Structures are given as structure tokens and as C-alpha cells.
Amino acid sequence: MSACAKESLLEQYVPTVGKKSQQSTTEQPQILISPITATDITEVHALECRVYSFPWSPTIIADCINSGYECWMIKHSGKVIAYSIMMIGAAEGHLLNLCVDSDFRRQGYARYLLRLLSDIAIVRNAKRMLLEVRESNRQAINLYHNFGFRQISRRVNYYPAETDREHALVLAKLL
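Numbers 67 to 241, taken from the working numbering, label the letters of the sequence shown in order.
Just so you know, these hints were derived from the structure itself, not from any lab. Check before you lean on any hint, since a few could be wrong.
Restraint-style ranges between C-beta atoms, simulated for each label pair [stated by the list, open to error]:
id : residue 1 : residue 2 : range
1  : Val222    : Gln96     : 42 to 52 Å
2  : Asn212    : Thr108    : 25 to 35 Å
3  : Ser202    : Arg116    : 34 to 44 Å
4  : Arg172    : Ser100    : 20 to 30 Å
5  : Gly214    : Thr125    : 24 to 34 Å
6  : Arg116    : Arg204    : 27 to 37 Å
7  : Ser133    : Ser100    : 15 to 25 Å
8  : Asn191    : Ala227    : 35 to 45 Å
Since the structure is predicted, the reported quantities are computational estimates derived from the model, not experimental observations. Think of the CB as a built atom: it goes at the ideal place given N, C-alpha and C, for glycine as much as any other residue.
Work out the full structure, taking the sequences as your base and the hints as a guide.
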């Protein structure tokens with residue numbers, strides 16, 4: 067996707083999540099949605115470590131950026147609070163990671179990233195989106211179901227876990 071196409075698409079995503087009403091005298095937080103770059107890896111990795119028991123390494127995040135995957139983040143008042151990574155190929159967008167800081171959940175940030183990635187996948191001629199999610203992650207499963215994803219399979223012992231391995235549900239959505 068060209069830089070101009072991304073910029074045009076992003077114009078639709080002027081954030082409204084987390085904003086106060088216009089009648090409020092409290093200053094509104096600065097919210098920015100942008101591609102993840104190499105200079106963001108340390109901060110993205112720090113979020114990954116805060117949220118996940120088995121985080122991706124900085125090298126994996128860098129490899130995703132260098133491979134041309136769709137790597138996006140949301141900053142709130144200058145701090146990375148959410149990010150997502152999706153690879154697109156064979157007419158399919160594969161959501162590899164969606165991470166939101168615990169203090170900012172249930173405020174619309176994950177939905178924002180899902181909408182953005184869905185639109186990017188459509189622009190890049192994907193016909194469906196696919197993802198894996200931990201079977202125990204009910205909050206994420208509910209989010210994905212509300213966004214139109216449905217379970218298509220299950221991967222046994224897919225994720226590392228504290229004592230053994232955990233199954234993944236494979237969810238998909240037609241675009």
C-alpha cells in the first residue's frame with residue numbers, strides 16, 4: 067500500500083475514543099494512530115511485556131516491520147497503549163498480534179485497530195481475515211465475535227502456558 071493510500075485511509079481514523087465532551091474543561095488527551103517504526107520497537111516491546119506472560123522479542127517485532135507487515139500503534143499522550151500486526155498474502159489478512167495496555171481496555175482502541183486493519187486488508191485485496199486467540203482469553207474472543215469473526219478450527223497445544231501448552235481458537239471473518 068502506498069504512503070498516499072495509507073494517509074488517505076488514516077484520515078477516516080481521526081480518533082474519538084477516550085475524548086472528553088466539548089463541555090468539559092479538562093484538556094483532551096493527545097491520541098495518535100501511526101505505523102510502528104524501528105524507533106518504536108523498545109516501547110512496543112515494553113507494552114508486550116506488561117500485557118503478555120510470553121511476549122514477542124524485539125527481534126520478532128523488528129522482523130515484522132522489515133517484512134512489510136501492517137504494524138500499527140496507538141499513542142495516548144505520547145505513550146504507546148495499543149498496537150497490532152497483520153501480514154497480508156494469498157488474499158488473506160492474518161492478524162498476528164493485537165495488544166492493548168490493561169489500563170486502556172474497553173475504551174475502543176482494539177476496535178479501532180481492527181477496523182483499520184480490516185480496511186487495509188480490503189484495500190490490499192484480501193478476502194478474509196484470520197487470527198488465533200488463546201482459548202482462555204474470553205475477553206478477546208468476545209471482542210472478535212462482536213467484530214464478526216467466527217471460529218473455523220482449533221489448534222491443539224499452540225501457545226506456551228505456565229504449566230504446559232494452551233489451545234488456540236482459529237477465527238476468521240469474510241471481508
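How the hints compare with the structure:
| no. | hint | in the structure |
| --- | --- | --- |
| 1 | Val222 <-> Gln96: 42 to 52 Å | holds (44 Å) |
| 2 | Asn212 <-> Thr108: 25 to 35 Å | holds (32 Å) |
| 3 | Ser202 <-> Arg116: 34 to 44 Å | violated (19 Å) |
| 4 | Arg172 <-> Ser100: 20 to 30 Å | holds (23 Å) |
| 5 | Gly214 <-> Thr125: 24 to 34 Å | holds (33 Å) |
| 6 | Arg116 <-> Arg204: 27 to 37 Å | violated (20 Å) |
| 7 | Ser133 <-> Ser100: 15 to 25 Å | holds (18 Å) |
| 8 | Asn191 <-> Ala227: 35 to 45 Å | holds (36 Å) |
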